[in-house]
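Model the placement of chain B on the given structure of chain A, informed by the hints.
Quick mapping for you: the protein sequence lines, in order, are chains A and B.
Just so we're aligned: 88 in the numbering used here is position 88 of the first sequence, and the numbers increase by one with no gaps anywhere.
So the number in the numbering used here is just where the residue sits in the second sequence, counting from 1, plus 1000.
For the record, the hints were derived by calculation from the structure and aren't laboratory data.
Owing to the predicted nature of the structure, the values given are computational and were not obtained by experimental measurement.
Heads up, none of these hints are tricks.
SDA-like, lysine to any residue: derived pairs with alpha carbons at most 25 Å apart: (1) A:K51 <-> B:N1032; (2) B:K1049 <-> A:T5; (3) A:K41 <-> B:Y1027; (4) A:K41 <-> B:S1026; (5) A:K44 <-> B:T1104; (6) A:K41 <-> B:N1075; (7) B:K1058 <-> A:V97; (8) A:K44 <-> B:T1086; (9) A:K41 <-> B:S1005; (10) A:K41 <-> B:Q1002; (11) A:K41 <-> B:H1009; (12) A:K41 <-> B:T1104; (13) A:K41 <-> B:V1011; (14) B:K1049 <-> A:S27; (15) A:K78 <-> B:Q1042; (16) A:K15 <-> A:P81; (17) B:K1049 <-> A:G3; (18) A:K54 <-> B:Q1002; (19) A:K44 <-> B:I1094; (20) B:K1069 <-> A:G98; (21) A:K44 <-> B:Q1042; (22) B:K1049 <-> A:G98; (23) A:K44 <-> B:Y1025.
So, partial list: chain B residues that the calculated Cβ filter (under 8 Å) puts toward chain A: (24) H1043; (25) L1044; (26) L1046; (27) K1049; (28) F1090; (29) I1094; (30) E1098; (31) K1099; (32) L1100; (33) F1102; (34) G1103; (35) T1104; (36) G1105.
Backbone N, C-alpha and C fix where the C-beta goes; we use that ideal spot for every residue, glycine too.
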Amino acid sequence: EAGVTQFPSHSVIEKGQTVTLRCDPISGHDNLYWYRRVMGKEIKFLLHFVKESKQDESGMPNNRFLAERTGGTYSTLKVQPAELEDSGVYFCASSQVGYGKNIQYFGAGTRLSVL
Amino acid sequence: AQSVSQHNHHVILSEAASLELGCNYSYGGTVNLFWYVQYPGQHLQLLLKYFSGDPLVKGIKGFEAEFIKSKFSFNLRKPSVQWSDTAEYFCAVILGNEKLTFGTGTRLTIIP
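The following block holds chain A by itself, in its conformation from the complex (with noise of 0.2 Å):
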């Protein structure tokens, strides 16, 4: 059974460009989870998914970020413009939905670099 994949591995970019970060979750995993870690501090929440609907966008730092889930499969993850704080190793998340199924597989992460 195929993981959690994420495009680009690495990806290197000047302030004020625009990235757009893939998610392939696992097949038949409804929930999809983005978190991102900047260097040196905790990975922190970003937003989740249920199929193709936002259950929680509360992590979402500011209006630049904006995630989609076209027909509740992959994700995308678009920064626009980037800056240089943007940087760091986004990761996603996803699981199966009811109790005790909440167990989230992680991909490798995509490391953004913002010069």
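Just chain B, lined up with the frame of chain A:
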């Protein structure tokens, strides 16, 4: 605010030493508790979890953790570490809702 604390930022041990990594959380309600591990160059993997029942949970690779509700703690232990345990370890909780709240992580270095 709800939070998770990992008190050890970097731990260095020799092979065969015993390991205990601390994790405390601040929340008075029902929690689900996790330890994740990230080996160098790899993705975050689930080491073990606690949802309910026996507070002593066993995970993969000989790790175990004990949930002590009165102390709001979920410390990770391993009686004898190996060089291959070198990794970063993250304690995390789900506090009622579904998002994980992580500690800052503990980097473990095992010296052969």
